[in-house]
Each structure stands twice: as C-alpha cells, then as structure tokens.
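Based on these hints, arrange chain B on the given structure of chain A.
Line order of the protein sequences matches chains A and B.
Counting in our numbering, the first sequence runs from 6 upward without gaps.
Counting in our numbering, the second sequence runs from 15 upward without gaps.
Treat the hints with caution; some may be incorrect.
Taking CB as the label site, the calculated pair distances span [stated by the list, open to error]:
no. : chain 1 : residue 1 : chain 2 : residue 2 : range
1   : A       : Ala30     : B       : Thr178    : 32 to 38 Å
2   : A       : Thr205    : B       : Ile192    : 34 to 40 Å
3   : B       : Arg218    : A       : Leu64     : 51 to 57 Å
4   : B       : Asn197    : A       : Gln179    : 46 to 52 Å
5   : A       : Pro58     : B       : Leu179    : 16 to 22 Å
6   : A       : Ala30     : B       : Arg88     : 38 to 44 Å
7   : B       : Cys48     : A       : Tyr36     : 25 to 31 Å
The set of hints was computed from the structure by calculation and includes no laboratory data.
A virtual CB, placed ideally from N, CA and C, is assigned to each residue, including glycine.
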Amino acid sequence: MTNRYIFLYASAMVILVALVLSGAATLLRPYQERNMRIEKMQNILSTINIEAPRGEAELLFERYITTTKVVNHLGEEIEGDAFEVELQIENRKDLSERMLPVFIAEKEGQTYFILPVRGNGLWGPIWGYLSLESDISTIYGANFDHASETPGLGAEIGDRQFQEQFPGKKIFDQDGTFRPVRVVKGGVPPGDLHAVDGITGGTITSNGVTNMLQNGLGAYEKYFQKIKTS
Amino acid sequence: MEPKEALFSARNKKLLTTPLGKENPINVQVLGICSVLAITVQLKPSLVMAISVVAVMGFANVIISLLRNTIPPRIRIIVQLTVIASLVILVDQVLRAFVYDVSRQLSVFVGLIITNCIVMGRLEAFAMKSKVWPSLLDGIGNAVGYAWVLLAVAFFRELLGSGTLFGYQVVPQFLYDIGYVNNGLMILPPMALITVGIIIWVQRSRDKSLIDVS
Chain A
6 MTNRYIFLYA SAMVILVALV LSGAATLLRP YQERNMRIEK MQNILSTINI
56 EAPRGEAELL FERYITTTKV VNHLGEEIEG DAFEVELQIE NRKDLSERML
106 PVFIAEKEGQ TYFILPVRGN GLWGPIWGYL SLESDISTIY GANFDHASET
156 PGLGAEIGDR QFQEQFPGKK IFDQDGTFRP VRVVKGGVPP GDLHAVDGIT
206 GGTITSNGVT NMLQNGLGAY EKYFQKIKTS
Chain B
15 MEPKEALFSA RNKKLLTTPL GKENPINVQV LGICSVLAIT VQLKPSLVMA
65 ISVVAVMGFA NVIISLLRNT IPPRIRIIVQ LTVIASLVIL VDQVLRAFVY
115 DVSRQLSVFV GLIITNCIVM GRLEAFAMKS KVWPSLLDGI GNAVGYAWVL
165 LAVAFFRELL GSGTLFGYQV VPQFLYDIGY VNNGLMILPP MALITVGIII
215 WVQRSRDKSL IDVS
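Only chain A is shown next, with the shape it has when bound in the complex (with noise of 0.2 Å):
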C-alpha cells in the first residue's frame, strides 16, 4: 500500500469519526444540560439540608427557593437570572461588572441565603454553595465540588466530613467586620469560629478553597451590610 493511500485512508478516517462525534454531541446535549441542572439544584438544596432525589429536584427547588436574583458589587439588585449565571465566567470579570446570584430560601419558617462561590484547587477549578441563616453570618450548610482534585486528598472537599465542618461557623466576626472562614493546617483552636480543618496532604487544595470563601463571599459584602441594616 502506498503512502498515498495510508494518508487518505487516515484522512477520511478522521473526518467520519469527527462528524459521527460532534453530531452524536449535538443530539445528546440537551439532555445533558437538563442532568446539570438538576444536580446544581440537588447541590443548592443539600445546604439547607434537604436531599432531593433526581426526579424530585425541580419540584422541591421550586418549593423551597422562592427568590432568586443577581446583585452586584454594590449591593444593588440588577437585572438577570441567577440560576443561569455562569461564575466561570463572572470570576474572570472586574469585580464592579460581575454578576452575583442569590438565592433564597424558605424552610420551616427560617429563611436562608444562598450563595455559590467558585475557585482553583491544585489540578482544576472547585466550587460549591454556602447557606447562610438569617443574621447573615451563621453558616447554615456547605457544599463543595471539584473538576480533577487527587482522590483521598483534595478531593475530600467533595466528603460530608468535610463539610460537616461548616454549620455553626460564621463569616462575620463580633464587630460586624467580614472575616469568612479559613482552611487551617494542624487543627482548629477550640472556640475559633472562623476556621476548619485542612486536609492532610490536601493543603493547596484547602488554601484554594479558603480563597475561594474569602473572594467569592468578600464580592457580597455590600450586599450583606445592605440587607443586615434594612
């Protein structure tokens, strides 16, 4: 066989699995845009404790969130809708044209806020939603995910132990100033209220999510003092 004829064989080859693939994703896409959907829904409800099954998640969302709205820097309401708003690309943006999503939440009476936060860990992005309670700073529950962190290390963000760290933590300290809650090497002081603690041998992925927490939450801070005082 030629070399002639290796080459086209190998190009026509590649264009026919190209366009098998692109026209398979393209099929498939909608559906998989509706499976993330609803797992971000399973995810912003799992903060305020409530596990809602796949087939449940929209019904119990709808239930259970009744406001949704995008600020910005200032504390100001502007116009969008929070669901869709994609940090991925908020993050990039001068902190004076990001948009910021707030959900909020009613259950049993007590109302919550919801914020998503986003940021590096060591090999990809990691994310993940904070509940807060009514004093706007009582972390009512935490939820965190990750791209690619190691399995066994970074990745226990992504564990309920982990998690579990964060309720009864605060991101306001007694005097009203923003101190959010930092991911500690070597355990937390008794009483500190504004710390958890670190994953051994997940350090830089515990800085990242301390981060994370700092400017991800620091870009409300107006908005908190906003619906502290009214």
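The following block gives chain B in isolation, referenced to the frame of chain A:
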C-alpha cells in the same frame, strides 16, 4: 465455494463460550484488572460498565472486521485505537445523557475502556483476520467473560461490604441487632484483587488444564 457455515455452528459457539471460562480475559489472561479493582464496590456501576464494554467490544470487532482488508498494516494500531476511542466517547456521552449519576460514579473509568487491553487485544488477535459474524461473537464472548467476573466481584463486595445488592438492603436488620457488622475492608480496592484471586483459585482447582506447569 465452501458450504455456508451455520450461524451458530459448533465452531462459532465456541467463540462465544470459551472466553467465559477457559480463556477468560480476567481469570486466565489477567487483562483489564484495573477497572475491576476500581468500580466493583457496588453492583449498579459494575452493571453499567459491563454493558458499556459489551457494546464497545461488539461494535469495535465488527467495524474492524469490516475494514480489515482496507486497513494499511502500518497504521493498523492507530486505526484500531481510533475506532475504540470513538465508540468509548459515544458510550460516555450516552451515559451522561441518560444515567448521569452512574456516569459520575464511573467517571474516568468509562474513558479508560480505551486502554482496556481486552478490547485492543481482540481486535489485533481476532477481528483483523476474521469475518464479521465470528468477530461479533468473539467480541461479545470476551466482553461477557469480562462482565461476569466484574459482576461476581461486585456482588460479593457490595453484599459483604455494605449489606446491600443494587442498593437494596438484603442483610436483615436482626443480624445487625445481634452484632453483625459490614466488612469495611470489602469496600477497599485490595479486596477486589483478593476476590478475583479466589475466583481464579476456584476455577483452576476445577480445571487442571489451566494450571501453569512450566
């Protein structure tokens, strides 16, 4: 012209059945072990993985067999890999669209079907020189040989490690009440290796011809 061979002649049936036992890709050839260790904690992901491998191997063997007279020998490995990789990506996309939870659990391992030696081994050893129908049987036979071991390992690991099967509780509560505990060790990857080892042991003690005398 040769007389036409029956679809399920003795020879064709053997293609389907020998990989289940005597030439099992896992127990005898010890290929594809990596995914057996990783995803057999529960039956459900194992079943999805098993079905995915059956689909990939069946189609890959048929496609390569159809192309076998046109493939330039110098790039045959690349052609085989392209076919496998495309099929695996298709499977991954379909799983993501229709069984999202399972696809998250299997995560990287669906992609790793590409590097599962069983698939390429059968393409190179069989489909490159066989007609379409026997190739299909060979592919499915080997994939099912892989699948049953996968499911057997997952069965014992889920039963003993979590007390459930397909997520349903099967170990009755009163056993826990009188002090039975799930064996946490079964959930860890090394126990998959040991379970496979036991399956190999049982198989070899029943079929002495498998014992390596050298």
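How the hints compare with the structure:
1. A:Ala30 <-> B:Thr178: 32 to 38 Å: 35 Å, holds
2. A:Thr205 <-> B:Ile192: 34 to 40 Å: Holds: the Cβ-Cβ distance is about 37 Å, inside 34 to 40 Å.
3. B:Arg218 <-> A:Leu64: 51 to 57 Å: Roughly 54 Å apart at Cβ, these two residues keep to the hinted range, so it holds.
4. B:Asn197 <-> A:Gln179: 46 to 52 Å: Given about 49 Å between the Cβ atoms, the range holds.
5. A:Pro58 <-> B:Leu179: 16 to 22 Å: 20 Å, holds
6. A:Ala30 <-> B:Arg88: 38 to 44 Å: 31 Å, violated
7. B:Cys48 <-> A:Tyr36: 25 to 31 Å: Cβ of cysteine 48 of chain B to Cβ of tyrosine 36 of chain A: about 29 Å, so the range 25 to 31 Å holds.
Of the numbered hints listed earlier, the single one contradicted by the structure is hint 6.
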